[in-house]
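Be aware that the sequence shown starts at 29, since it is given in my numbering, and climbs by one per residue.
No wet-lab data here; the hints were simulated from the structure.
Using N, Cα and C, we set each Cβ at its ideal position, and we do this for glycine too.
Don't take each hint at face value.
[Stated by the list, open to error] Straight-line alpha carbon distances no greater than 30 Å define the calculated DSBU-like cross-link-like pairs of lysine-lysine that follow:
#1 Lys468 <-> Lys271
#2 Lys271 <-> Lys497
#3 Lys468 <-> Lys497
#4 Lys271 <-> Lys201
[Claimed, not checked] Just the calculated beta-carbon pair ranges, DEER-fashion:
#5 Gly174 <-> Thr127: 17 to 25 Å
#6 Gly471 <-> Gly494: 21 to 29 Å
#7 Lys84 <-> Gln132: 29 to 37 Å
#8 Trp335 <-> Asp170: 30 to 38 Å
#9 Ser495 <-> Glu309: 41 to 49 Å
#10 Ser246 <-> Thr338: 33 to 41 Å
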Amino acid sequence: MAATDSSLPIARRSAWRDDCMEVVCGIANAGGGRLVLDADVDGRGVVKRKTNRLMKTIPSAVAAALGLTCAMELVLEEGRMCLEVVVPPAPEPISYHGTFYLYQNGFNTVLDNEALDRLLQPAAETDMKWETRPVIQASLDDLNMGLVTRYTGALRDTDITTDLDEVAAIEEKLRRAGLMTGVGTPTNAGILLLHDQPQRYIAGATVRIGFFGGRAGSPIFEDEVTGSLIEQVHRTVELIFDKYLADTGPVQPRGTHGSPPLPRDAVHEAVLNAVAHKNYESGTPIQVSVFADRLCIDNVGRPPRTWTVTALLGRHTSRPNNPNLVSALRSLGIIDGWGNGVGAMRMECIEAGLPEPIFELRDDETMVCFQMDEDSVMRTSLSGNDPATHASLTRSALSDAHAMAREAALQHDIGLTANDEKVLSMIDIDGRLTAPRIAKSLGVSESTVRRSFRRLRDLGIIDRVGSDKAGFWRVL
29 MAATDSSLPI
39 ARRSAWRDDC
49 MEVVCGIANA
59 GGGRLVLDAD
69 VDGRGVVKRK
79 TNRLMKTIPS
89 AVAAALGLTC
99 AMELVLEEGR
109 MCLEVVVPPA
119 PEPISYHGTF
129 YLYQNGFNTV
139 LDNEALDRLL
149 QPAAETDMKW
159 ETRPVIQASL
169 DDLNMGLVTR
179 YTGALRDTDI
189 TTDLDEVAAI
199 EEKLRRAGLM
209 TGVGTPTNAG
219 ILLLHDQPQR
229 YIAGATVRIG
239 FFGGRAGSPI
249 FEDEVTGSLI
259 EQVHRTVELI
269 FDKYLADTGP
279 VQPRGTHGSP
289 PLPRDAVHEA
299 VLNAVAHKNY
309 ESGTPIQVSV
319 FADRLCIDNV
329 GRPPRTWTVT
339 ALLGRHTSRP
349 NNPNLVSALR
359 SLGIIDGWGN
369 GVGAMRMECI
379 EAGLPEPIFE
389 LRDDETMVCF
399 QMDEDSVMRT
409 SLSGNDPATH
419 ASLTRSALSD
429 AHAMAREAAL
439 QHDIGLTAND
449 EKVLSMIDID
459 GRLTAPRIAK
469 SLGVSESTVR
479 RSFRRLRDLG
489 IIDRVGSDKA
499 GFWRVL
């Protein structure tokens with residue numbers, strides 16, 4: 029679709045000439061726009077072979093000379109057919125044969141001295157915020173049309189001839205929201221919200237979840253969540269509760285059998301805040317670390333530097349790092365945009381009888397930790413067993429388990445494998461974990477887990493209490 033923003037440069041030429049590549053370079057340096065050429069048509073309005081050839085050769089020539097991906101469109105202007113070269117904005121100043129051009133006020137100017145210095149300075153790039161910068165490799169067709177429809181409320185039939193007015197309406201809504209530029213290029217915010225795999229264009233646009241059990245270091249198992257930001261929030265919360273918190277043991281706050289260890293709404297709010305307010309220029313994924321006694325969500329990005337944790341916990345206005353992204357999420361009803369998220373997390377935890385979440389603000393990071401009942405995490409869950417008859421592993425013992433295992437292995441001249449240590453970490457937390465469940469979590473075979481069981485038992489590090497079906501593993 030042709031660009032409709034009147035502020036974007038539009039150059040006109042009767043035909044593709046030698047200087048047209050210079051004009052395309054100047055338009056790209058000016059923020060994108062259009063080069064309009066006369067189309068060669070016969071008396072019946074049928075496009076002739078020369079114009080068809082140009083539609084195929086110009087994009088490849090521009091890509092080879094300038095590294096840009098332009099679109100070609102046939103349009104009807106004032107009763108005549110024209111060929112439009114839709115030029116995307118250059119991600120950084122570009123040159124043609126070593127010369128920098130800038131198209132302004134109908135003239136394509138060669139830049140040198142002070143003008144060139146201003147163009148090359150970051151400040152000269154109109155202080156464009158990261159979320160509004162174009163992703164020139166993408167177009168409307170690369171976006172998830174289901175998400176686009178959900179956002180714009182418009183319908184688009186991609187199986188039938190596309191209605192240009194409908195596409196124009198979609199692009200206009202996305203442009204006004206800062207999700208697309210005037211030349212039909214999605215912005216970074218548009219890619220994050222409306223693309224199925226934003227990490228293809230934006231490094232680190234994912235969420236990593238790791239289960240650490242009772243120790244620091246490398247995670248025992250982990251997942252990486254991809255997809256649009258909406259899907260990332262949903263899938264991250266789903267994994268946390270269906271897989272990760274289940275693997276810490278059947279925690280039962282306030283003695284309620286089967287209750288989750290943390291309020292789901294509070295964790296959902298924390299994940300949503302991290303996704304919405306992250307500094308995506310960092311290229312660092314959001315990290316969710318699950319321990320036996322806490323769950324921590326860490327992301328690069330923080331409130332204004334004048335804010336302290338006290339200010340964050342108090343009543344405050346919404347000061348988003350990504351205002352266009354937050355505005356779009358608010359339009360979708362996913363976020364309220366009133367700065368109530370932190371208060372909602374605190375209230376959810378209080379009502380669940382849990383400690384309030386702990387917030388930490390670093391130079392460029394924000395971390396929130398939800399505390400879980402350590403005693404509940406460590407106790408067994410099988411009904412009919414007296415917890416007093418089972419030796420509970422203390423927190424200090426958890427940190428010593430691996431040192432004990434290595435010492436026993438050295439004494440017997442037997443080396444522990446990485447899987448041995450991971451299996452030991454998991455039964456440190458819940459001795460009732462079965463071989464199939466551990467195998468699934470670690471991504472190994474059941475026979476591998478059973479070999480680790482035998483090796484750890486032979487070393488005197490663990491033993492089996494009770495039967496194979498109703499018993500549990502105990503760390504000695």
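Quiz item: Has the given pair, Lys468 with Lys497, been kept, meaning a C-alpha gap of at most 30 Å?
Solution: Measuring from Cα to Cα gives roughly 18 Å; hence the hint holds.
Quiz item: Are the Cα positions of Lys271 and Lys497 separated by 30 Å at most?
Solution: holds (22 Å)
Exercise. Starting from the range 30 to 38 Å, see whether the pair Trp335 and Asp170 falls in it by beta-carbon distance.
Key: holds (37 Å)
Quiz prompt | Range hint compliance [Cβ, Gly174 to Thr127, 17 to 25 Å] | solution = About 45 Å separates the Cβ atoms of Gly174 and Thr127, which means 17 to 25 Å is violated.
Quiz item: Regarding the pair Lys271 and Lys201, is the alpha-carbon distance no greater than 30 Å?
Solution: This hinted pair is violated, its Cα atoms lying about 39 Å apart.
Quiz prompt | Range hint 41 to 49 Å (beta carbons of Ser495 and Glu309) holds or violated | solution = At 56 Å between Cβs, range violated.
Quiz prompt | Verdict for Gly471, Gly494 (Cβ pair) under range 21 to 29 Å | solution = Given range 21 to 29 Å: holds, Cβ gap about 28 Å.
Quiz item: Taking the beta carbons of Ser246 and Thr338, is their distance inside 33 to 41 Å?
Solution: For Ser246 and Thr338 the Cβ distance comes to about 35 Å; the hint holds.
Self-check item: Lys84 versus Gln132 beta-carbon gap, inside 29 to 37 Å or not
Solution: holds (30 Å)
Quiz item: If you draw a straight line from the CA of Lys468 to the CA of Lys271, is it 30 Å or shorter?
Solution: With a Cα-Cα distance of about 11 Å, the restraint between Lys468 and Lys271 holds, given a limit of 30 Å.
Against the hints set out earlier in the document, violations occur for numbers 4, 5 and 9.
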